[in-house]
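Just so you know, the sequences run in chain order R and Z. FYI, in the working numbering the residues of the first sequence are 1 to 133. FYI, in the working numbering the residues of the second sequence are 1 to 200.
Any given hint could turn out to be false.
Claimed, not checked - Think about it this way: if two alpha-carbon atoms lie no more than 25 Å apart in a straight line, the pair counts; the simulated DMTMM-like pairs of lysine to aspartate or glutamate are: (1) R:K39 / R:D68; (2) Z:K86 / Z:E191; (3) R:K113 / Z:E89; (4) Z:K173 / Z:D92; (5) Z:K106 / R:D95; (6) R:K100 / R:D68; (7) R:K59 / Z:D180; (8) Z:K136 / Z:D124; (9) Z:K196 / R:D87; (10) Z:K106 / R:D76; (11) Z:K41 / R:D123; (12) R:K84 / Z:E191; (13) Z:K106 / R:E45; (14) Z:K196 / R:D123; (15) Z:K196 / Z:D124; (16) Z:K142 / Z:E125; (17) Z:K41 / Z:E156; (18) Z:K41 / R:D68; (19) R:K113 / Z:E154; (20) R:K113 / R:E131; (21) Z:K106 / Z:D92; (22) R:K59 / Z:E49; (23) R:K100 / Z:E125; (24) Z:K173 / Z:D190; (25) Z:K86 / Z:E49; (26) Z:K168 / Z:E187.
What the hints assert, rightly or not - Listing some non-contacts, in silico: residues in chain Z with all C-beta distances to chain R over 10 Å: (27) L45; (28) Q131; (29) Q163; (30) E182.
Calculated from the structure, these hints are not laboratory results. Ideal placement from N, C-alpha and C gives every residue a C-beta, glycine not left out.
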Amino acid sequence: MRTRIALAAPALLCAALVAATAARAQLHDPATPPAVASKVALRGEANSIAVREMRIVRKNDILVVQADMANMGRTDRTVFYRFKWLDNAGNQVGDGESWKQMRVLGLGQQTVKSVAPTNAAVDLRLEMNVEPR
Amino acid sequence: MTKNTLTALALVAGTLALSGCQNLSSPVVRFDRQVNYGDAKAVELVTNEFGSTDLQMIAEKMTGSLLETGIFQGRPTVTLAPVKNKTSEYIDTNNVMSSIQTALTKSGKVRFVRSINQMQQGVDELQRQNQSGLYKQGTTAKIGQMTAAKYQLEGELTSIVKQNNTTKDVYYKFTLQLFDVEEGTVEWQDEKEIRKTSKR
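The shape of chain Z in the complex, shown without the other chains:
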């Protein structure tokens, strides 16, 4: 083998080794169209409208603030009220409450009871068990035994939008209040502010 052949072989091997080092193939079946699973927790900066990162940041801040205060001593019962959307966008604000409810339930510090939106399904099931005549006596859930909520969580989302030729600035404010149902007092309140600015 000549010296030139050896050098050429070494170069080819080197290129292959380096390319192998940089680009490892993944175990996927993929066609020409590029579809990828992404990080659901990544910062989403596609537009400055309300997005997944805003929802996650609001839920984290509110959950953290509620847990930090220690208001949930003795695992009290809590119910959710619908969140008022006072922005100009269509936003599924109940999604924010759903995330807060999930995080608080997983913390083990609180027990949630059916909200107004979830009540009809509960009533339907109770009626089915007690009035259909299909179930063994003693196995049915009794009517009139639901636990009422000590607290109610109420929220609202507002926004201020400012725009000129080159810049759009959106300011969101999410306010969450915890009411004592019996006394009607606000026992806890916090807010999360978000500013998003985009330039053309």
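Extracted from the complex, chain R is given alone in its bound form:
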């Protein structure tokens, strides 16, 4: 019995580590409103980068989005981001955008923009990760 517990313990530890990593996967900055956070797929920690506002409009039958990224801390941050466009079934529209690198100065704000590749896009996700340096 004791042998079984001893053998099961590392597996449980492993599962706990995976669960903890998954739980930490989306740690939005408190300044990111919940409605915006639902459109942001954040990988890792926000490192003081908040998506303060996201504006989506349909222009000439094509969705256009602008998002304001604010650095809430005093340290400059490097953000990697791209928009992912989704159709009404939740499938990705097009091949996907290229990743972009952007520097956000301490206490600064940058606006990023994207236009949907076709009129089939009805929703989007902002995929991003922030380098701690």
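Position chain Z relative to chain R; hints supplied.
Just chain Z, lined up with the frame of chain R:
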């Protein structure tokens, strides 16, 4: 089984479990040399010369800007002009236009007609069908039925390079113009600026 043996077994099992948790092997056949497929959309920062990310960012910005304006109402016909490369680098600038053409065609908002570079192949095929005597009458494409372009896309890429002992700064500017062929007017124009700085 002694207590020490049990502890040792538990440690071995734990190490195995944790290592299995971290490093899963992939279904690949690989020799010593490290070759990997990477993300074609990843940010490329190998040097500060013109790279794949620059090409992709330019194409995305120009396509987005064109679609956003709504100038392509009624699926007009468009042709491409060669892109002028005014930088000091060798860059296949037509690659940028090719990406823009692909994205615009997939949007379904526009129809592209043969550009100057693609025309000879079209003429050759028409002549083969109509003059070789090999094809059934009525199945051949007729000469003189091509649709002309309403608009023409023209672009140019310029750069400014500044360098000192420790830093190299490259500024690229891609300008794209949409001309109305009949009237010769610029109906739309946009530019994409890119700054790349490298330090030794």
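- Hints the structure fails to honour: Hints 3, 9, 10, 13, 14, 15, 22, 23, 26, 27 are the ones this structure does not satisfy, whereas the remaining hints hold.
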